[in-house]
Amino acid sequence: MLAGDTLSTIASGLAAAINADTNLQGIGVSAAASGTVVTVQSNSTNPTTYRGTTSTTATETILIGLPTNGAQVLVIGGTKTTGDTLTVTVFDPQLSGGSKAVNYVVQAGDTLTSIATNVASAITADTDLQAIAVSATASGTVVFISSGSKLLTTYASSTSGGATETLSLASSTSANQYGYNNLNELTSIAAGGATRFEGTANKALKSATVNSNAANLPDSQKFVGSATLSSGANTIPASVTDGTNTTKTSSYRLSTKGSASSSPTFDANGNMTSDGTNTYEWDAENRLVKINYPGSGNMSQFLQDGLGRCCEMIEISSGSIASVKKLIWNGNGILEVRDAIGAVIVKYFKRGQAESITTYLYTRDHLYSVREVTSSSGSVLTQQSYETFGVLTLTQGSISSDFQFAGMYAHSRSNLSLTLYRAYSARLGRWLSRDPLEERAGINLYAYVKNLPTSLIDPDGAVASVAPPPSGSRRSRCKDPFSDCQENSDPDCCIDNWESCSNLCKDIYFTPKDIKLCKVCCQQVLERCRSNSPFPGGNWHDCFPEFEF
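Add 1 to a position in the sequence shown, counting from 1, and you land on the number used in my numbering.
Rather than coming from a laboratory, the hints here were simulated on the basis of the structure. Certain hints may be false.
[To be verified] Straight-line alpha carbon distances no greater than 16 Å define the calculated EDC-like cross-link-like pairs of lysine to aspartate or glutamate that follow:
1. K351 - D403
2. K291 - E313
3. K517 - D493
4. K207 - E186
5. K204 - E186
6. K451 - D515
7. K327 - E356
8. K327 - D403
9. K351 - D366
10. K326 - E356
11. K348 - E337
12. K351 - E373
13. K204 - D268
14. K507 - D493
15. K249 - D268
16. K327 - E316
[Unchecked claim] With beta-carbon atoms standing in for the labels, derived distance ranges:
17. Y179 - S532: 30 to 38 Å
18. H367 - N217: 29 to 37 Å
19. S484 - V225: 49 to 57 Å
20. T142 - N217: 33 to 41 Å
21. I358 - T201: 20 to 28 Å
22. T37 - Y294: 41 to 49 Å
23. N293 - A126: 25 to 33 Å
24. S251 - D284: 29 to 37 Å
The beta-carbon is built from N, C-alpha and C at its ideal position, and this holds for glycine as well.
Generate the whole structure from the sequences, applying the supplied hints.
Quick look at the structure:
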């Protein structure tokens with residue numbers, strides 16, 4: 002700090018220091034200051050995170066706030082001066098050049114409130130931003146910006162030289178409330194809700210509050226509390242009191258953007274019939290056969306073969322057929338996609354897909370999720386990241402893989418993941434229909450992998466299984482010990498396969514946790530084997546993903 006510094010000059014100096022750092026320049030990190038707010042922008046192809054610290058005796062505070070993708074709040078402050086230019090820049094890989102600046106020139110009759118309204122209108126009216134579903138609304142001097150882009154969207158703000166107005170991008174978060182009935186069916190969705198807050202202090206604390214509610218003290222310098230956030234702008238005070246009964250309070254302004262309010266509905270068999278936006282139709286065997294979208298004549302139709310596998314997807318827009326995809330299966334896996342006349346569109350193999358003369362290769366993580374799509378020469382074309390339950394964000398490129406979270410087939414129009422038995426919504430973190438194993442799989446028939454999405458997978462929509470350990474940590478091949486079980490021909494067949502499955506768990510997994518989860522999977526497949534005949538031996542392979550027999 003310098004003798005003449007103010008909080009605003011400190012922010013400007015910090016932004017200048019970030020911009021002057023050659024190492025940060027090398028990865029595309031830059032910063033801009035507006036008032037006491039420093040906006041840091043990273044164009045790195047790798048994930049970038051930030052942390053703020055101060056010296057032990059510092060009286061200044063640093064708050065790091067990262068906006069969630071698609072949600073941001075801009076606060077108009079200062080005083081109005083006619084002719085000043087205010088700029089909001091939207092960064093998104095889908096935009097030409099990767100960004101688009103929206104300018105507004107302050108008019109003679111403007112107030113701070115009308116400036117906010119006009120900035121929001123300028124953002125919403127921009128045709129380039131409309132193409133990636135970026136829009137804005139205003140309330141008072143606050144502008145709420147949202148993005149429907151599947152890619153990572155971030156924002157920056159600036160003003161013309163000498164401008165008396167200030168633009169402050171506030172930290173942002175996302176919160177939703179969910180309601181359920183006694184069948185674990187999702188009955189309501191609303192934005193906002195209880196949100197966890199954590200904080201630390203530079204000395205021992207006697208007590209703390211968050212939003213005037215008492216917080217817990219897990220250790221002497223840390224507090225944890227909660228506050229109920231509403232959709233839109235929130236101001237949350239946090240107070241701490243030390244051993245000398247000195248109390249300090251800081252207020253944090255947060256913009257909360259959650260899902261639109263809706264009341265999902267289900268039929269008597271437990272199949273979701275509406276999520277508040279789309280409606281779903283099912284056949285007598287509880288298989289998804291149609292999704293109806295808003296508007297007239299907009300739908301996706303799904304046809305099944307004699308084995309219950311989706312063999313054809315028909316996309317209809319405004320009453321006309323837009324595309325037809327015929328799925329060619331090899332056992333429980335999709336091998337090819339063909340068009341309406343049977344011409345091959347895409348071929349799939351274990352590590353990628355081939356379209357016409359172009360081959361794309363996959364890089365997968367421990368859950369089988371596709372993280373990168375590369376060319377045959379190894380050039381990275383797309384990088385994909387996922388939230389805990391699978392919501393996709395393209396962090397680089399625009400070529401999405403057909404298989405995405407946990408190796409499931411992605412139906413892009415509905416944002417659903419399609420498996421052999423069920424459809425999964427990453428946005429909801431739930432299946433749309435009940436588990437075909439019924440209560441034998443657990444009391445919550447809609448839960449995805451027992452709410453353990455970072456360690457379990459369910460590639461078929463029936464049985465949660467252990468995610469494969471890192472490549473090289475176990476053998477990749479072994480003789481298949483499982484036989485097909487036929488009705489009444491061998492009553493002990495299911496038990497024999499179950500014993501082989503349990504023994505194989507001990508042979509190929511190393512940690513007690515993985516062995517236990519594998520054996521749980523074996524038990525679940527045993528129940529399926531006992532109640533279904535004939536029962537192919539290949540079904541036991543579900544407990545050993547990425548293991549070649």
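Status of the hints after comparison with the structure:
1. A C-alpha spacing of about 13 Å is found between K351 and D403, which places the hinted pair at or below 16 Å, so the restraint holds.
2. Simply put, K291 and E313 have alpha-carbon atoms about 12 Å apart, close enough for the 16 Å limit, and the pair holds.
3. Note on K517 and D493: the hinted pairing is violated, with a Cα-Cα distance of about 23 Å set against a maximum of 16 Å.
4. At roughly 43 Å between alpha-carbon atoms, K207 and E186 are farther apart than 16 Å, so this suggested pair is violated.
5. With a C-alpha separation of about 47 Å, the suggested pairing of K204 with E186 is violated against the 16 Å cut-off.
6. About 15 Å separates the Cα atoms of K451 and D515, which keeps this hinted pair within 16 Å; it holds.
7. Taking the CA atoms of K327 and E356, the gap is about 15 Å. The hint holds against a cut of 16 Å.
8. Simply put, K327 and D403 have alpha-carbon atoms about 14 Å apart, close enough for the 16 Å limit, and the pair holds.
9. Distance check on the hinted pair: K351 and D366 sit about 14 Å apart at the alpha-carbon level, within 16 Å; holds.
10. Pair hint K326 plus E356 holds up; C-alpha atoms about 14 Å apart against a cutoff of 16 Å.
11. Only pairs whose Cα atoms come within 16 Å are accepted, and K348 paired with E337 is accepted, the gap being roughly 5 Å.
12. Pair hint K351 plus E373 holds up; C-alpha atoms about 14 Å apart against a cutoff of 16 Å.
13. Distance hint between K204 and D268 is unfulfilled; the C-alpha atoms sit about 57 Å from each other, more than 16 Å.
14. Simply put, K507 and D493 have alpha-carbon atoms about 22 Å apart, too far for the 16 Å limit, and the pair is violated.
15. Restraint check for K249 and D268: not satisfied, since their Cα atoms lie roughly 54 Å apart, outside the 16 Å limit.
16. Restraint check: the Cα-Cα separation between K327 and E316 comes to about 12 Å, which is no more than 16 Å; the hinted pair holds.
17. Between Y179 and S532 the CB atoms are about 32 Å apart, so this pair conforms to the stated range of 30 to 38 Å.
18. A hinted range of 29 to 37 Å for the beta carbons of H367 and N217 is consistent with their spacing of about 33 Å.
19. For the hinted restraint 49 to 57 Å between S484 and V225, the CB-CB distance of approximately 54 Å keeps it satisfied.
20. Under the hint 33 to 41 Å, the C-beta atoms of T142 and N217, about 35 Å apart, fit the expected range.
21. Between I358 and T201 the beta carbons are some 56 Å apart, a value that contradicts the proposed interval 20 to 28 Å.
22. Range check, T37 to Y294: Cβ separation about 45 Å, and the 41 to 49 Å hint holds.
23. One distance hint, 25 to 33 Å for the beta-carbon pair N293 and A126, holds here, with the actual separation near 31 Å.
24. The supplied range of 29 to 37 Å is broken by S251 and D284, whose beta-carbon atoms lie about 57 Å from each other.
Hint violations for this structure: numbers 3, 4, 5, 13, 14, 15, 21, 24, all remaining hints satisfied.
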